[in-house]
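Top to bottom, those sequences are chains A and B.
So the first sequence is numbered by numbering that gives the first Met the number 0: it starts at 0 and just counts up by one.
So the second sequence is numbered by numbering that gives the first Met the number 0: it starts at 0 and just counts up by one.
Simulated from the structure, these hints should not be mistaken for lab results.
It cannot be assumed that every hint is accurate.
To be verified - In the DSS-like style, the derived pairs of lysine-lysine whose C-alpha atoms are separated by at most 30 Å in a straight line are:
#, chain 1, residue 1, chain 2, residue 2
1, A, LYS73, B, LYS129
2, A, LYS60, B, LYS71
3, A, LYS92, B, LYS286
4, B, LYS72, A, LYS60
5, B, LYS274, A, LYS27
6, B, LYS71, A, LYS92
7, A, LYS60, B, LYS99
8, A, LYS72, B, LYS71
9, B, LYS99, B, LYS71
10, A, LYS72, B, LYS274
11, A, LYS72, A, LYS27
12, B, LYS71, A, LYS62
13, A, LYS96, B, LYS286
14, A, LYS26, A, LYS96
15, A, LYS92, B, LYS274
16, B, LYS323, A, LYS72
17, A, LYS96, B, LYS323
18, B, LYS71, A, LYS73
Unchecked claim - So the derived label-pair ranges between C-beta atoms look like this:
#, chain 1, residue 1, chain 2, residue 2, range
19, A, ASP59, B, ARG356, 47 to 53 Å
20, A, GLY98, B, LEU336, 44 to 50 Å
21, B, GLU93, A, ASP83, 32 to 38 Å
22, B, SER266, A, GLU115, 28 to 34 Å
23, A, LEU97, B, GLU145, 31 to 37 Å
24, B, LYS257, A, TYR129, 49 to 55 Å
25, A, GLU115, B, GLU59, 46 to 52 Å
26, A, GLU115, B, GLU93, 25 to 31 Å
Quick reminder that beta carbons are idealized off the backbone N, C-alpha and C, glycines included.
Okay, here's what each chain looks like letter by letter:
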Amino acid sequence: MIRILVLSLLALSACTNSSTELRLYSKKIGFNSDKATLLVSLENCSYCFGEYQDTVEELDKLKFNVVIISSQKKKASLFASPDDNSVFIDNEKIAIKLGLIESLPIIILPSGERLEIFSPEQLLNYAETYVP
Amino acid sequence: MKKILRHLSFVGIVFLFASCENKNATLSEGILRYKVGESTLSLDDSTAIDFMRISYAEEEGNEYLLHQNEFKKSIQVFDLESGLVAHEILYPFEQPLGIKVVQGITAISLDSIFIFMPLSIRGSILINRKGEILNRYMPTKEEDLEKSLINHVSFGAMPTLFDGQNLRFIQLPTFEVSNPSNINDTYKFEMLYNLESNEIEEAEESGFPEFYQNKIWPSQDISVSRIMDLQGRIVYSWRFLDSLIVVENGIVEKMLAKSNFKKQDMSPFQLMPNKVQDMEKLIQFTKYYGIYYDEYRDLFYRTVQHPGVFDGDAIPKEMDASRKFSVLILDHQFNKLNEIVFPGGIYNIYRAFVGKRGFYLPKNNVMNPELVEDTLSIDIFDFTAHD
Chain A
0 MIRILVLSLL ALSACTNSST ELRLYSKKIG FNSDKATLLV SLENCSYCFG EYQDTVEELD
60 KLKFNVVIIS SQKKKASLFA SPDDNSVFID NEKIAIKLGL IESLPIIILP SGERLEIFSP
120 EQLLNYAETY VP
Chain B
0 MKKILRHLSF VGIVFLFASC ENKNATLSEG ILRYKVGEST LSLDDSTAID FMRISYAEEE
60 GNEYLLHQNE FKKSIQVFDL ESGLVAHEIL YPFEQPLGIK VVQGITAISL DSIFIFMPLS
120 IRGSILINRK GEILNRYMPT KEEDLEKSLI NHVSFGAMPT LFDGQNLRFI QLPTFEVSNP
180 SNINDTYKFE MLYNLESNEI EEAEESGFPE FYQNKIWPSQ DISVSRIMDL QGRIVYSWRF
240 LDSLIVVENG IVEKMLAKSN FKKQDMSPFQ LMPNKVQDME KLIQFTKYYG IYYDEYRDLF
300 YRTVQHPGVF DGDAIPKEMD ASRKFSVLIL DHQFNKLNEI VFPGGIYNIY RAFVGKRGFY
360 LPKNNVMNPE LVEDTLSIDI FDFTAHD
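Next up, chain A with everything else stripped away, as it sits in the complex (with noise of 0.2 Å):
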């Protein structure tokens, strides 16, 4: 019992961290964190922009942010235009230094669960399920 009551803290405090530092990359990058946020980088995931262009396209922008990291503001803005409301560039590359993504895209939901995306189905999939 005492296991699962360390367990469950530690949880806790992992996703309080997690959506700590969300709140923290939403106010740099300027988006509201409580809507489910997409994080694409093109900066080291050679394949992203080809793979993953089309199914953002799709994605329901009331419901997902959708930030392009990148130091090019011209591949990220091809990859999809930034409106400052659902779309945005992350130039400074925050999200990496901050340590929210990797290499592959990663969904961030408002309580700070992070959701690793493997391909665009998979993507698709979980935006229907953790973002109805």
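Position chain B relative to chain A; hints supplied.
Just chain B now, with coordinates in the frame of chain A:
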């Protein structure tokens, strides 16, 4: 499958690395004496500057750089003299016959351009300058999906080459490379696809060298660069090996091609490293990157990455981009002729290529303070300029 995707993204991490530093760097006399030209490519609003998938071609004395534009789904043929797009080839991208995501391109000429998809040789196509499919390659399908996956690179210093009969792919492991028992001679890094017989086979000589075997190495440096010369010799350059492995008519020879700037050998890890330890070693040690063949001068160039400064809070790509590098110049018998040191933070060592005028170094280093996204500058060096 997840493991494979992680490895695939790791390929991205390694090969998307650009270079950086030295905000006011000016090239030293030692470098400038070999600089013979500059090419400035004009990039339109739909062309990003990273130029990851490129291939050089010559036609009627003119030089071209082919660039796969993933936004336009086209091959842009840049004239290296004018810097303008001479042709734009729209390739088929609609499934099932087209290629949605491109892993790499290899131009034999402007009318024979191979386009490869990730993780598979099956489905590769050959197009001409009109974008028409000349051939589509369908080697026999393995029943086991994982066995049929070939995690080939096909860009940078690991291009796919055509040797007249085979397409030669360099692949990267999808198994756990931090397990030393996996680092053995069973796995081969080069795969040959015979266009006539439609069969795929391994290049026997492309396994881990003895030096690597049964040890733990920085995971992102588990790769090999390879080139072929006009005699048909295959030359493998391993990151931590001073010698090149040269294969000629099935005979394997080691040829010493050590950098003057390599002061100590890379040592393996004693225990499985964490990510920070892995990155620290990746940045701090001297290692070799690419091997290139200059058919115009019958020379080999071997690029060497000098030790960088590791900072646990910095972005790995930027630390890597900041390091100096050198180019080792070797004659056709692999005698060392010279080694030229370049500053970090200007050139993108991962996008270097060879052409008629010598060794071409693009300046799309992510840390280059002069970088602007609508122009790609390429400096051209002829290391025989003062012979």
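Given the hinted pair A:LYS26 and A:LYS96, is their alpha-carbon gap at most 30 Å? Within the cut-off at roughly 15 Å; holds.
Holds or violated: B:LYS274 with A:LYS27, Cα cutoff 30 Å? Roughly 27 Å between the alpha carbons, so the hint for B:LYS274 and A:LYS27 holds.
So if I understand the rule, the pair passes when the alpha-carbon distance is 30 Å or less; does A:LYS72 with B:LYS274 pass? holds, 29 Å
Hint check: A:LYS92 vs B:LYS286, CA-CA at most 30 Å. Holds or violated? holds, 27 Å
Just to be sure I understand the hint, the distance between the Cβ atoms of A:LEU97 and B:GLU145 should be within 31 to 37 Å; is that true here? Roughly 34 Å apart at Cβ, these two residues keep to the hinted range, so it holds.
Given a hint of 49 to 55 Å, does the C-beta separation of B:LYS257 and A:TYR129 actually sit inside it? holds, 54 Å
Does the hinted range 46 to 52 Å hold for A:GLU115 and B:GLU59 at CB? Because 50 Å falls inside the window, the suggested range holds.
Are B:SER266 and A:GLU115 spaced within 28 to 34 Å by their CB atoms? holds, 33 Å
Are the Cα positions of A:LYS60 and B:LYS99 separated by 30 Å at most? It holds: about 24 Å lies between the C-alpha atoms, which stays within 30 Å.
Mind checking the alpha carbons of A:LYS73 and B:LYS129 for me, to see if they're no more than 30 Å apart? Measuring from Cα to Cα gives roughly 28 Å; hence the hint holds.
Keeping to a limit of 30 Å between CA atoms, is the pair of A:LYS96 and B:LYS323 held or broken? holds, 23 Å
Compare the distance between the alpha carbons of B:LYS71 and A:LYS62 with 30 Å, and conclude whether the hinted pair is satisfied. holds, 28 Å
Every hint from the earlier list agrees with this structure, and none is contradicted.
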